[in-house]
Amino acid sequence: MTEATETAPSTASGRRGALDAADAARVATFAALVAVLGLPGSLSLFGNAVPITLQTLGVMLAGTVLGARRGALAVLTLLVLAAAGLPLLAGGRGGLGAFVGPSAGYLVGFAAGAFVVGLLVQRLRRVTFAGVLVAALVGGVGVVYAFGLPVQAVVTGVPLAQTAWLSLAFLPGDLLKALACAGITVAVARAYPAALRYRTREG
Amino acid sequence: MSPVHRLGAGTKLAALCVCSLALLAVRSPVGAGAAVVGVLGLYALARLGPRAVWSQVRPLRWFVPCVVAVQWATLGPLAACVLTTRLVALVALAGLVTATTPTSLLLAALERALGPLRRVGLDAERAALVLALAVRSVPVLTALAGTVRDAQRARGREHDVRAFAVPLVVGALRQADALGEALRARGLDD
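As you go down the protein sequences, you meet chains X and F in turn. Our numbering applies: residue 1 is where the first sequence begins, and numbers increase by one. Our numbering applies: residue 1001 is where the second sequence begins, and numbers increase by one.
In isolation and in its complexed conformation, chain X is listed as follows (with noise of 0.2 Å):
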């Protein structure tokens, strides 16, 4: 690692400034994390409508393993790839109807979530499960929500309140993924020390 290398990339998350090779790789790969994520034993309730498959504990470790920006990036590339017609979404599912759907919200919710959670844990002095905890809550679950409720709100034409009551079967399992990411991200920041390596460079 020479110094330049090691300079580079925080004034490019920054100010504004290209995404470096590092970055690039690291953005694609975990774009592909979520997506494969959202396939193995995704159990769904109300059919695919919005189902439940681990692709939202993809989108929290995006934001606590790669941070505010890259990880919005990372969701925003499979949300891209999705659109264009992939079948990368939870459930194997994918092209623009996902985009006009009930889903649509949420599917947006996910780049924001990703984003809060990445800023949350980049303010933690020291990455703790607690920590993670409260990011990939307010993040993962409550800003995804509160982008999601409302469009499916418009969407179907239910009001706000019974919408919110309908999506209640998702919380618990959302809080579960909440859980099982601080775990992970504790774990995984201890195996693999570089993991985290943004918080060292951008304080």
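No lab work stands behind these hints, which were simulated from the structure alone. Mixed in with the good hints, there may be bad ones.
[Said to hold, decoys possible] Quick list of the computed label-pair ranges, beta carbon to beta carbon:
#: 1; chain 1: F; residue 1: 1033; chain 2: X; residue 2: 130; range: 25 to 33 Å
#: 2; chain 1: F; residue 1: 1040; chain 2: X; residue 2: 138; range: 53 to 61 Å
#: 3; chain 1: F; residue 1: 1136; chain 2: X; residue 2: 191; range: 52 to 60 Å
#: 4; chain 1: X; residue 1: 130; chain 2: F; residue 2: 1029; range: 51 to 59 Å
#: 5; chain 1: X; residue 1: 161; chain 2: F; residue 2: 1081; range: 18 to 26 Å
A quick note: this is a predicted structure, and the numbers were derived from the prediction, not measured. For each residue, glycine too, the CB sits at the ideal point set by N, CA and C.
We have chain X; now place chain F onto it with these hints.
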């Protein structure tokens, strides 16, 4: 090649945006009926049969009964029919764009639409690279997930999310960082 297939990807995306917003304003049975006729007409124009329509709206098949029940209870039967018809027509219309446009052309149109992201440091060339790398990474990570899952099964921890995700994320990071090194060795950052 039908006229719908021949239309440019960007044109179809823009038309879909306008039509979606228009459809969300539909509140009357007549409007909902017109939307269905219009969407089915477009499918016919694209020479796609009922099977194509079904495959596009199929993801809604369990959601619709649930939402109809809630709409019926809160808004009454007529509103439930209108709103649900509108929703299905909207998804079918979006599906028509997906079904009649090659993925590569849609991707190019979406890349152009995301042009303003240059401001956050994502120039078009780098965006195209990231998208291509992501497509390439999906089978790689699917294989990695399969390996991890097998190892987990061998240890009898099939239902432990952590035991599955930690090695998967660490493996993905190693993969990504090796890829980043390779890209830099090829002069990507110069």
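Comparing the hints with the structure gives:
A C-beta distance of roughly 55 Å is found between residue 1033 of chain F and residue 130 of chain X, which places it outside the suggested range of 25 to 33 Å. At about 44 Å, the beta-carbon gap between residue 1040 of chain F and residue 138 of chain X misses the expected band of 53 to 61 Å. For the pair residue 1136 of chain F and residue 191 of chain X, the supplied restraint of 52 to 60 Å is violated, since their beta-carbon distance comes to about 25 Å. Checked against the hint of 51 to 59 Å, the C-beta distance between residue 130 of chain X and residue 1029 of chain F comes to roughly 53 Å, which is consistent with it.
One distance hint, 18 to 26 Å for the beta-carbon pair residue 161 of chain X and residue 1081 of chain F, holds here, with the actual separation near 22 Å.
Checked against the numbered hints listed earlier, the structure breaks hints 1, 2 and 3; every other hint is satisfied.
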